[in-house]
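Going down the list, the protein sequences come from chains A and B.
Start counting the first sequence at 21; every next residue gets the next number (this note's numbering).
Start counting the second sequence at 1364; every next residue gets the next number (this note's numbering).
Rather than coming from a laboratory, the hints here were simulated on the basis of the structure.
Be careful, since some hints might not be right.
Said to hold, decoys possible - For the chain A half of the interface with chain B, some residues (derived, Cβ under 8 Å), not all of them: (1) Arg-28; (2) Glu-35; (3) Asp-45; (4) Pro-48; (5) Glu-54; (6) Leu-58; (7) Trp-62; (8) Ile-64; (9) Thr-94; (10) His-96; (11) Gln-97.
These figures come from a predicted structure and were not determined experimentally.
We put the CB at the ideal spot given by N, CA and C, even for glycine.
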Amino acid sequence: MTGPGPRRRPPGRSEVIAILAVMGDRVPDEVTEEIGSLEMAWLISQVEERYATTLELDDDALRQMTTVSGAVATIHQMLAGTEDG
Amino acid sequence: MTEYPGEWVSDALLAGDPGDPCLWMGGPLTRGELASLVNARQSLLESAGLRPGGTAAIQLPPSLEFVAVLLAAWRIGAQVSLLDHRLVRREVAGALDRLAPQVLVTAESVATAALAGYAKAVARAESRPDGRAAGTPHVLIQLSSGSTGPSKIIARTAADLLAELGRYAQFEEYPRPGERIVVLASMVHVLGLVGGLLHGLHAGVELVFPDRLTADGIRGAVAAGRRPTMVLGVPFHAELLTTGGAPLPSLRRMVVAGELVRPWLPARFTAAYGVPLGTMYGMTELGVIATDLSGRNAPAVAPAPGMSLRVADGELLVRMPASPYIGLIDGTRWADGWLHTRDAASIDPATGLVTILGRLDSQISVGGLKVDLTEVEQALCALPDVDSAVVTFDAAIEAYLVLRDGGQVSDVESALAEQLSAYKRPRRLLVLNALPRTATGKISRDRAVLRAAFEAPRSERRTP
């Protein structure tokens, strides 16, 4: 994790789904639990942009990012790491 | 005339100053270093029995190893089939049955970090005693999913590839010697292969593959060099980059192809970076056909030098003297010197500019990867648990299906995973009691009708 990053509340499940829904102009209901590789790139890019930081995700963390629940937890962990530091 | 079949590789792709930068994958590689690697892979392939006029299939992820093995096989004078590294075992088996390569190259070990712009692979070459020598003079074979029957075998000669490189060299706004391309498009498919890899090698343009395919990672790859830089990708990548923005002094333009660009995207991209978002239109059969590299004609494109286009019955046809297909006598795809693109288009008679309007068949594009929905539907309907199914696409591939008695969605999902690559599989399986039909009794393919049937009160649907 790099960059100063403002102290903002990490995104919750509904926010993560809302970010994913923007890709492909979907309604939140159309977002599936499984996250594909393009969606993952989109989600990480959006979170990095909003929180002005770089999420340094290792292979394990990236594997966690393949579901919405896993992504919410992983992003929380990553952003909390910054605040603690 | 060339003195030996693979001479074009040395002359057109590997010539130049050995000290010049050539590829960047986590670090720099010069043309001389690439040439040494190609020599080593040539020995590997020759040890596996590959000879001039022989055949090899390469199934490697985009990687330095892929580049070296491809160039080595071509320099030997072999015919090379490219198989997408994401194909599942059944798809690979089907392809090998049809292509019968004498040598199969796969990854002995591969480290692909998720989101990386390239993989680190080590190739293994395996001799296939039942393989057949090349029956045609083509050097490149690619398979395309077909809407009916087996996939098409698309073949190109070295002369055809060199002619396409000649077109790229004539595009004034395409990177010139000494410049850079940040390549986001897959090298295994025509855009990244010819517009990226081969053009870079041919024209002396450095090819940069980002460590990470996120907006930040791509911007970092652009910012890492001071020489004029173009980004080559699919529209998704441009959308990704418009999520933010940062001054990128070396960026000259981004060029995308592979699917239609959403109307708002070029202006938004230019607002973020102050440079144009250009587009290209092409096909696996021919490579680049028409371009709008400056973004001035959006959404129209101008035919590339030497390309002759016309519209018949709403379909775009491209002049092509010989059929690009092997083993296919299908007049609906190529006839009388014209390639039928299956794309709806209009041509402005005053300017000759072409506007692509969309597909006339069931082929869709997911992040630039072509998928025929008929292939997905057929795979689904062939499963023992599935009675009938309709596959649709809007933002993602979805399947509406009727299960046989006792059928379970989880069983359908796991069975489908053995049949189709992940990018072809429906993101959602929506179970219905019966597929809705039109007034004339045909199964409806209207997404609104299908969605309404799915959202009907549960009491009206059978619980799976």
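Could you check the structure against the hints above and give me the numbers of any it violates, in ascending order? 1, 2, 4, 9, 10, 11
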